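Trainee: Top line first, the protein sequences correspond to chains A and B.
Just so you know, we're using full-length UniProt numbering here: the first sequence kicks off at 1 and counts up by one.
Just so you know, we're using full-length UniProt numbering here: the second sequence kicks off at 1 and counts up by one.
These are computed hints drawn from the structure, not numbers from a lab.
All figures in this text were calculated on a predicted structure; none of them were measured in a lab.
We treat Cβ as the ideally placed atom computed from N, Cα and C, and that holds for glycine.
Misleading hints may appear alongside valid ones.
[What the hints assert, rightly or not] Computed footprint of chain B on chain A; a stretch qualifies when at least three of its residues, placed anywhere within it, have a C-beta under 8 Å from a C-beta of chain B:
1) 174 to 181
2) 185 to 198
[Said to hold, decoys possible] To give an idea of the interface, some chain A residues facing chain B are shown, with a C-beta separation under 7 Å as derived from the structure:
3) 79
4) 132
5) 134
6) 135
7) 138
8) 204
9) 225
10) 234
11) 235
12) 274
13) 275
14) 279
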Amino acid sequence: MADASGANEATAKMDYFFIIDFVQSLVDGLLFGTTYALIGIGFTLIFGVMRKLNLAYGAAALAGTYIGLAAFLAFDAPPPVVFLASALGSGLIGLVVYYCCFRFTPTSYPMASLLASVGMLLFIDEVVIHLSHGMPFPYPSVFSDATLELGDIWIRGDLLFVFGMCVVAMAVLFWLLYRTPLGLATRAVSQQPRAAQLCGIDSTRVNALTFVIAGILGGVAGAMTAAAVGVLSPIIAMGLTVKGLIVVVIGGLGSIPGAIIGGLLVGAAENVFLLLRGVTERDIYVMLLLFLFLTLRPGGLFGSTAGRD
Amino acid sequence: MKLKSFLAAGLVSVSALAMSTAAMAEDKTVRIVGFGASSGVVGIFGQNSSAAMSAAFEKINAEGGVTLADGSKAQIVTEYYDDRCNAEEGISVLRRIATTDALIAIGPTCSNVAEPLFGILQAKVDDSGDTGLQFPVFTDVAIKGGLAGISEWVFRNTPSEAKMYDDLFAWIRATHPDLKTIYGGVEEDFAHSRFTWYEVMKKAAEQHGFEVVGEAQWLLSDTNFSNQARGMRREEPDIVAISAHPFTTCGMLREMARQKIQPKVLVGLTSSSSLETLSGCAAEAQGLTIPTSFAPVNDDARSAAEAVVAKGGQMDLHSASAWENAMILRDVINAAGIEGTPESLDADRRKIRDGLSTLTEAQGLLGVNQRLPDGEAVKPYVFVHAKDAGWEVLHDPGS
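Turn these sequences into a full structure, and let the hints guide you.
Mentor: Okay, here's the thing in structure tokens:
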């Protein structure tokens, strides 16, 4: 009798732990998923405006993050300055990528810019590895020791900060796109590039600024990823690129709300599958999710089916 | 007058001949090349090995070089080939090296390169039915156990992790008799990390009476460790052993600190006893205990480390092996009587292979390395721990 009650107690305890772990995984995944959302937004923003994929985007974001790190190592800069330098550095690299891979490649050959961006991805990756010797470096975190305890659920202070920063970045992006002349021009070029040009909008300038804005978002994502881990390594470049692409496929290429939902979904799915199936199977299920979207809903959750001129 | 002129001309001719012979002797060279990952995310290992080899060969050359069969001296020339820690590239690089006048290659860096690469070499010498490559390889870094058995052309100077961790857990058992449980953390997608946890650390821990209460797994490029650390926190282990490379070791250590996981003993992977771990997370790594076959504990080791730093590298257990390999090869070449000519290339390679296979011991930086019949080595080692952003010797089992 005592054995049976002991077994029941153990089962109940296991169920309780499972629920706690499940909720905790979901919360962590959603919070960390905002960095994926930012990367997804960057991909989608460029695709929305130019109808071209910039595969060097994740690498440029990482390189920008290293610029922030350099400020930290050389001048012992405080975290806000490091994050700002990362974002601005990434924006600047975004501009370079635009001029090297997109500005002068013929528009009639979409593969030209795509392959140029693959080349740039490898080039940036190599430069970063060469300069850093592939070594991990400490990256400043904020609120890394702070924890919000809600019963058995712990919410990391630094992840809350990452979440907050990403939400602010998204809010600023929406303000830029929907409340400023630049945003109006960007949306115009995105919807009707020829008509926008006829109205006097300089599409080259808009495209360049889109790369800068997307680069800044990527820099914020890179900085927040590094801040959440507390260490920066070139290893994370490929992860940023792959996750960003999965996010835009799930959310729908060209849709900013889609990138946000896609990012949160991928972040949560990753953590939940990690809990349920272990690390060796985690990515299989995330890729299965990608496959399902590609076959059943190729336009993603919010993909627009409408064309443009 | 005629006689005087004739004698003078003869003297000049003899002097010129003597000088040209001396110059020819000085010009004699033998080539020993290195290969491994000198770019990519584990490129630092190859860069350190390359620096260690260069420094060692520079020292050998400054001391006169190596002695050839005819008693003349030859300088050692070297270069380093990059395989990017990729098996296909490693195989291609070794095939390319074998077509040059290189006598032997030192490398590779990664175990996932070493394993298939050793498979292209002739398994047993003098086996006419085996058309595998007949070229000697002397491994410095790739540390996964037992790989030298793949081919008789392979020799390794990597420490025996099985022996080191067995001794480490025996020492922990002796110094902390109250400890009972251990929790493992492993980087699942890296051959060395996986092998060391499942085949070395875990078995050694169990053998010395520690109960393995759980395992956390992650991948090389993971950035989020909260799930894994939560399982660890719940078990409250006495010992945590992390078998991972510096980037994820640091990520996991930070997560452990965040979740207030404070094991009484923290054990790390041999490859993490490097500058990388300290530059990534010195504070969180405080107390991390690792067995290593290199520490600057004597004059030889200190002066070798300084020479490597002067070449732009860092001396750790891996690059120390590259240094030792260079010194061992000097002694083998001196004893083997190689001719160092293009015609004798195959015979010279074979002499070096045979010379390495007959060695039973070789001088290393921490003492005498035992050379085993299967081509592996057992090297002296110490236990170090991270303290105040440096590695400090915690215990010397040989003392």
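Trainee: Each hint should be assessed against the structure and marked as holding or not.
Mentor: Here's how the hints hold up against the structure:
Counting residues of the stretch 174 to 181 of chain A whose CB lies closer than 8 Å to any CB of chain B gives 0, so the stated coverage by that chain is violated, three being the minimum. Counting residues of the stretch 185 to 198 of chain A whose beta carbon lies closer than 8 Å to any beta carbon of chain B gives 0, which falls below the threshold of three, so the coverage claim is violated. About 15 Å separates the beta-carbon of residue 79 of chain A from the nearest beta-carbon of chain B, more than 7 Å, and the hint is not met. The interface hint given for residue 132 of chain A is violated, since its Cβ lies 9 Å from the closest Cβ of chain B, which is over the 7 Å cut-off.
For residue 134 of chain A, the shortest C-beta to C-beta distance to chain B is roughly 5 Å, which falls under 7 Å, so the interface hint holds. Because the beta carbon of residue 135 of chain A sits about 5 Å from the nearest beta carbon in chain B, less than 7 Å, this interface hint is met. Here the hint on residue 138 of chain A is kept, as its CB sits about 6 Å from the closest CB of chain B, short of 7 Å. Taking 7 Å as the C-beta contact cut-off toward chain B, the hint placing residue 204 of chain A at the interface is violated, the least distance being around 36 Å.
A hinted interface residue such as residue 225 of chain A counts as satisfied when its beta carbon comes closer than 7 Å to some beta carbon of chain B; here the least separation is about 6 Å, so the hint holds. Against a cut-off of 7 Å between C-beta atoms, the interface hint on residue 234 of chain A holds, since the closest Cβ of chain B lies about 6 Å away. Here the hint on residue 235 of chain A is kept, as its CB sits about 5 Å from the closest CB of chain B, short of 7 Å. Of the supplied interface hints, the one on residue 274 of chain A holds, with its beta-carbon coming within about 5 Å of a beta-carbon of chain B, less than 7 Å.
Checking residue 275 of chain A against chain B: minimum C-beta separation of about 6 Å stays under 7 Å; hint holds. At about 4 Å, the closest approach between the beta carbon of residue 279 of chain A and any beta carbon in chain B falls short of 7 Å, and the interface hint on this residue holds.
Hints 1, 2, 3, 4, 8 from the list above are not met by this structure, while the remaining hints are.
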